[in-house]
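Asks: Read off the chains here:
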Amino acid sequence: MKKLLTAAVLSAALATPVLADTTKVGFIYIGPVGDFGWTAGHDRARQELQDHFGDAVETNIVENVDYGADAERVMTQMALSGTDVIFAASFGYGPDVNAVAGRFPNVHFQHATGYIQEHDNISLYDARFYEGRAVLGHIAGKMTETNTIGYIASYPIPAVISGINSAYLHAKAVNPDVNFRIIWTYSWFDPALEADAAETLIEQGADVIMQHTDSTAAVRVAEDAGVMAFGQASDMVEFGPTAHLSAIVDRWAPYYISRIQAVKDGTWEAQNSWMGFADGVIEMAPWNDRIPAELQQEADALIAAIAAGEYHPFTGPLNRQDGTPWLADGEVAEDGDLASMNFYVEGITQELPN
Amino acid sequence: MIRLEKRKEPSKFWRIANPFLAVVLTMLAGGVMFAMLGKDPIVAIRLIFFDPIFSETFGSYSRPQLLIKSAPLILIAVGLAIGFKANVWNIGAEGQYIIGALFGAGVALAFFPAPGAHIFPLMVLAGALGGFLWAMIPAILKTRFNTNEILVSLLLVYVAERILAAMALGLMRNPDIAGFPGSRDLRRYEAAHNAELFAGTGIHWGVVAALIAVIFAYAMMTRHMLGFHIQLAGQAPRAARFGGVAPARLVVICLGIAGALAGLAGMFEVSGPGGQVRIEFASGYGFTAIIVAFLGRLNPFGIVLAGLLLGLTYIGGELGQMMLQLPGAAIQVFQGMLLFFLLALDFQTNYRLRLTKGVRA
Chain A
1 MKKLLTAAVL SAALATPVLA DTTKVGFIYI GPVGDFGWTA GHDRARQELQ
51 DHFGDAVETN IVENVDYGAD AERVMTQMAL SGTDVIFAAS FGYGPDVNAV
101 AGRFPNVHFQ HATGYIQEHD NISLYDARFY EGRAVLGHIA GKMTETNTIG
151 YIASYPIPAV ISGINSAYLH AKAVNPDVNF RIIWTYSWFD PALEADAAET
201 LIEQGADVIM QHTDSTAAVR VAEDAGVMAF GQASDMVEFG PTAHLSAIVD
251 RWAPYYISRI QAVKDGTWEA QNSWMGFADG VIEMAPWNDR IPAELQQEAD
301 ALIAAIAAGE YHPFTGPLNR QDGTPWLADG EVAEDGDLAS MNFYVEGITQ
351 ELPN
Chain B
1001 MIRLEKRKEP SKFWRIANPF LAVVLTMLAG GVMFAMLGKD PIVAIRLIFF
1051 DPIFSETFGS YSRPQLLIKS APLILIAVGL AIGFKANVWN IGAEGQYIIG
1101 ALFGAGVALA FFPAPGAHIF PLMVLAGALG GFLWAMIPAI LKTRFNTNEI
1151 LVSLLLVYVA ERILAAMALG LMRNPDIAGF PGSRDLRRYE AAHNAELFAG
1201 TGIHWGVVAA LIAVIFAYAM MTRHMLGFHI QLAGQAPRAA RFGGVAPARL
1251 VVICLGIAGA LAGLAGMFEV SGPGGQVRIE FASGYGFTAI IVAFLGRLNP
1301 FGIVLAGLLL GLTYIGGELG QMMLQLPGAA IQVFQGMLLF FLLALDFQTN
1351 YRLRLTKGVR A
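Taken in order, these protein sequences are the chains called A and B.
Just so it is clear: in the first sequence, position 181 is 181 by our numbering, and no numbers are missing.
Take any residue in the second sequence, note its place counting from 1, add 1000, and you have its number in our numbering.
Bear in mind the hints are in silico, worked out from the structure with no lab data behind them.
Note that beta-carbon positions come from the ideal geometry of N, C-alpha and C, so glycine has one too.
Be a bit skeptical, because a hint or two may be false.
Stated by the list, open to error - Straight-line distance between alpha carbons at most 35 Å, and here's what the computed DSBU-like set of lysine-lysine pairs gives:
#1 B:LYS1008 x B:LYS1085
#2 A:LYS24 x B:LYS1085
#3 A:LYS264 x B:LYS1039
Said to hold, decoys possible - Non-contacting residues of chain B with respect to chain A, defined by C-beta distances greater than 12 Å in every case (computed):
#4 VAL1023
#5 VAL1024
#6 HIS1118
#7 HIS1224
#8 ALA1236
#9 PHE1341
Sequences are here, hints too, so could you generate the full structure?
Replies: Have a look at this one:
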């Protein structure tokens, strides 16, 4: 009996430090993990994180969490249940992340595409999607036959606006006659609305559809209509094997692993990271065979130039939509300007909603 | 064999018992579903229905949250139920909720940053007025041009959503944060903040308003002539007309009350738990309240229970996702089961199954 007790005490003593080493990581998602796009990208990274650390991390998710009171409640419950790190994977969680972070100073918050950082336990991280958009724009400008490119946009926030501008500039550079049609859905994930938007754009003559929304609806519609499309955040080729030219694929895993390692090492600090091709956080899905070999090489070269820092997608001379100068010849946009971008560049004919 | 027989009168017993039975059946069927997903059904049901209230870890936080989540549902559902009793089908409470929030927030932002005890009462009035006015569109179109209030009120939800987006992007946008839509955080503007009245209880003015609305609605429906007219118009429209009830007046009153209450709910939400005017401010309360109204048998006190129950499944559902890795969709199916079983069971309020011997009936 005594032996048993000793064994029990010993194993308990041995077990405790193992438990204490388990880092509990919570994820809140704006969409379902099955969106095959943005949220799927984050959940892919979560699984890689889990595989990397094994039993040393425990990951939990709550999907379809609305901005506002719901997000605040979910993150509070996570903090109360002993979560060490919370990844909030959408820009609109900003006020909620900051409210909860203020009450739980020992919990580390990682806010994707965030813009409010009022406490030193909040890190912001984002990807330079405009780098990928430049490549999409280049391909779209060369592939379009109707010279009309349809763009399904979600919220008029800097990340989306800079994406439209980047795609437009690079399409225009290879095809001066190109014309962008943009539809705003005010939602990240609404397959029905995105399908409607894609159909409308195709009716208006678009033969390439780009999207900054998270579902696969537009790719499917493009496949059925016999036009071309780009996926979003994940490789969506299986939803339109002919239509799907490529996609900007998000690879958050290396960053997530490094942040959790920092928590384990006790070196975690609040940061603001903006990562692009050079960091491997974004990459392009395999080129569709219908893209001519020459164009594939151009696209590869463009990626290499951006990754090497030899070329910046926003290099002057560039004017704003209203014709006022923005960047002088050879001048490169500053990160601060891009992170608060609220105007279209010259040549886009539609008005920005605001 | 089994024979179906229409009851002479709807069963009072089953009317009351069905919601409880529906909850039990939902737990059973939900348990089977959770087991099929490879989760322990007992743990799952406990997480959803009990832990938000009784858990030591979460209880002290999620009990007040239950009030915060349920109050707008109850406030909206009470108003809708009055209309439903009179066969006035206001499906667009979501739109009235949005416009009420915009009116309330509009008053707050117009006064920002001035202090003053008059600001919050003005916001309350504005919120009720906004919802009322938005509900008057289907009301007047129905009484004047005989349009269908179901369609008009529903479609006006989408119009309201677009106005909300335009406000968050334009007029009401916070000028201090570059490039991002959304208004100032009203929780940081003391004169406009719908704060907790007692710390740690979750009770804000919206909870108080919901309680008052429940009591007034009950008194009106059971004690007041108007309540009698509403019930009469719903159950026997011809008799009501002979009895001097003006149908047009009832339509206006029912939509007006529901709109004002939904507008209030929106106003209390935007100035409290919601915090700011955002494009995605509306999270379906106006639609969920329809379920709450029916789950509560269109009775104000029943609606309180139904609102709390639905609020519980939301909060518990999040715990279930977080603690047990239940998929979000499974939680939605679970919530859907609740309404499904209730509707299925309501069959026996009006019918009964009879076992008869032999084939001869």
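Asks: For every hint, state whether the structure bears it out.
Replies: Structure-based check of each hint:
Taking the CA atoms of LYS1008 (chain B) and LYS1085 (chain B), the gap is about 21 Å. The hint holds against a cut of 35 Å. Pair hint LYS24 (chain A) plus LYS1085 (chain B) does not hold up; C-alpha atoms about 50 Å apart against a cutoff of 35 Å. Distance restraint check for LYS264 (chain A) and LYS1039 (chain B): the Cα-Cα separation of roughly 30 Å lies within the 35 Å cut-off, and the hinted pair is therefore satisfied. VAL1023 (chain B), annotated as away from the interface, keeps every beta carbon of chain A farther than 12 Å; the closest lies near 23 Å.
Separation of VAL1024 (chain B) from chain A is adequate, the least Cβ-Cβ distance of about 26 Å exceeding the 12 Å criterion. Residue-level check passed: HIS1118 (chain B) sits 26 Å from the nearest beta carbon of chain A, beyond 12 Å. With a closest Cβ-Cβ approach of about 35 Å to chain A, HIS1224 (chain B) is found to remain outside the 12 Å limit, as its non-interface label requires. With a least beta-carbon separation of about 41 Å from chain A, ALA1236 (chain B) lies farther than 12 Å from that chain, consistent with its non-interface assignment.
Every C-beta of chain A lies more than 12 Å from that of PHE1341 (chain B), the closest at about 23 Å, which supports listing it as non-interface.
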